[in-house]
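Visitor: Residue-level listing of the chains:
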Amino acid sequence: GAGVSQSPRYKVAKRGQDVALRCDPISGHVSLFWYQQALGQGPEFLTYFQNEAQLDKSGLPSDRFFAERPEGSVSTLKIQRTQQEDSAVYLCASSLVTANTGELFFGEGSRLTVL
Amino acid sequence: GNSVTQMEGPVTLSEEAFLTINCTYTATGYPSLFWYVQYPGEGLQLLLKATKADDKGSNKGFEATYRKETTSFHLEKGSVQVSDSAVYFCALSNAGGTSYGKLTFGQGTILTVHP
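Protein sequence lines, in the order shown, are assigned to chains A and B.
Heads up: the first sequence at position 96 corresponds to 96 in the working numbering, and the numbers run straight through without jumps.
Just add 115 to wherever you are in the second sequence, counting from 1, and you've got the working numbering.
It cannot be assumed that every hint is accurate.
Unchecked claim - Beta-carbon label-pair distances, calculated as ranges: (1) ASP170/B <-> GLN50/A: 23 to 31 angstroms; (2) THR135/B <-> GLY40/A: 31 to 39 angstroms; (3) GLY144/B <-> GLU52/A: 44 to 52 angstroms; (4) GLU52/A <-> GLY176/B: 35 to 43 angstroms; (5) GLU191/B <-> ALA2/A: 26 to 34 angstroms.
What the hints assert, rightly or not - Computed footprint of chain B on chain A; a stretch qualifies when at least three of its residues, placed anywhere within it, have a C-beta under 8 angstroms from a C-beta of chain B: (6) 11-20; (7) 49-60; (8) 64-75.
What the hints contain is simulated information worked out from the structure, not anything from laboratory work.
All of these numbers come straight from a predicted model, not from anything done at the bench.
By construction, the Cβ of each residue, glycine as well, lies at the ideal position given by its N, Cα and C atoms.
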């Protein structure tokens, strides 16, 4: 597709369940970011990949959060033993280059609700 | 650390009114500054950017000037349209080093324009 695709768009999980959120970046984009956006707030950085290498995971809030991009394209964000405070929209963004231009292309996000 | 503060919203205007959304920042070094916009049902998209002091970013009638002396990057438009109704996010990215284009966002400002 032409843009960044995320799935599922909506996910409801019971507290304690594991969830997996998928991101299909724009083809050929080297850089991939995950952000977390709580209701009424701006996105907050979670982690960054350059191709298949996870170069920065400083924003992951706990060891229950795990992200991978094994072949340098599709990425998955996994949250284990979900808690209510994990409820948020998870945004994926990709960029063609690794330089600091800030021109990220965002998906529409995956809205996670933990009951 | 880096931070971005936007004026509190929401902002409601009539069509053809003048728009200002204030944004101030705190950052080390010489960051690049951005405005992203999120239209209803769509992902975040870059509206404009400025990469050094006194630069003016512009797009779709919107403008913002990078003011280092006041650490500000206020968004302006001379005559808003109903189609400008969206959420606007100010953001910064530190140049160089290991930032990888990681963005720090403000909390967002909801703009509603009435006919």
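Visitor: May I ask you to test the hint 26 to 34 angstroms on the CB atoms belonging to GLU191/B and ALA2/A?
Guide: 31 angstroms, holds
Visitor: When you take the CB atoms of THR135/B and GLY40/A, is the distance between them in 31 to 39 angstroms?
Guide: The hint (31 to 39 angstroms, Cβ to Cβ) is violated, given that THR135/B and GLY40/A are roughly 21 angstroms apart.
Visitor: State, for the Cβ atoms of GLU52/A and GLY176/B, whether the hinted interval 35 to 43 angstroms holds or is violated.
Guide: Once the Cβ atoms are compared, 41 angstroms apart, the range 35 to 43 angstroms for GLY176/B and GLU52/A holds.
Visitor: Using the beta carbons of ASP170/B and GLN50/A, state whether their distance is inside 23 to 31 angstroms or not.
Guide: Hint holds: Cβ distance 27 angstroms, inside 23 to 31 angstroms.
Visitor: Can you take a look at whether the stretch 64-75 of chain A is actually covered by chain B? Rule is 3+ residues, C-beta closer than 8 angstroms.
Guide: That given contact is violated, which follows from only 0 residues of the stretch 64-75 of chain A lying within Cβ reach (below 8 angstroms) of chain B.
Visitor: Examine the stretch 11-20 of chain A: at least three residues should have C-beta closer than 8 angstroms to a C-beta of chain B.
Guide: That given contact is violated, which follows from only 0 residues of the stretch 11-20 of chain A lying within Cβ reach (below 8 angstroms) of chain B.
Visitor: Could you check the hint for me, namely that GLY144/B and GLU52/A are 44 to 52 angstroms apart, CB to CB?
Guide: 29 angstroms, violated
Visitor: Closer than 8 angstroms Cβ to Cβ for three or more residues is the test here. Does the stretch 49-60 of chain A pass it with chain B?
Guide: Three-residue rule met by the stretch 49-60 of chain A, so holds; n is 3.
Hints 2, 3, 6 and 8 from the list above are not met by this structure, while the remaining hints are.
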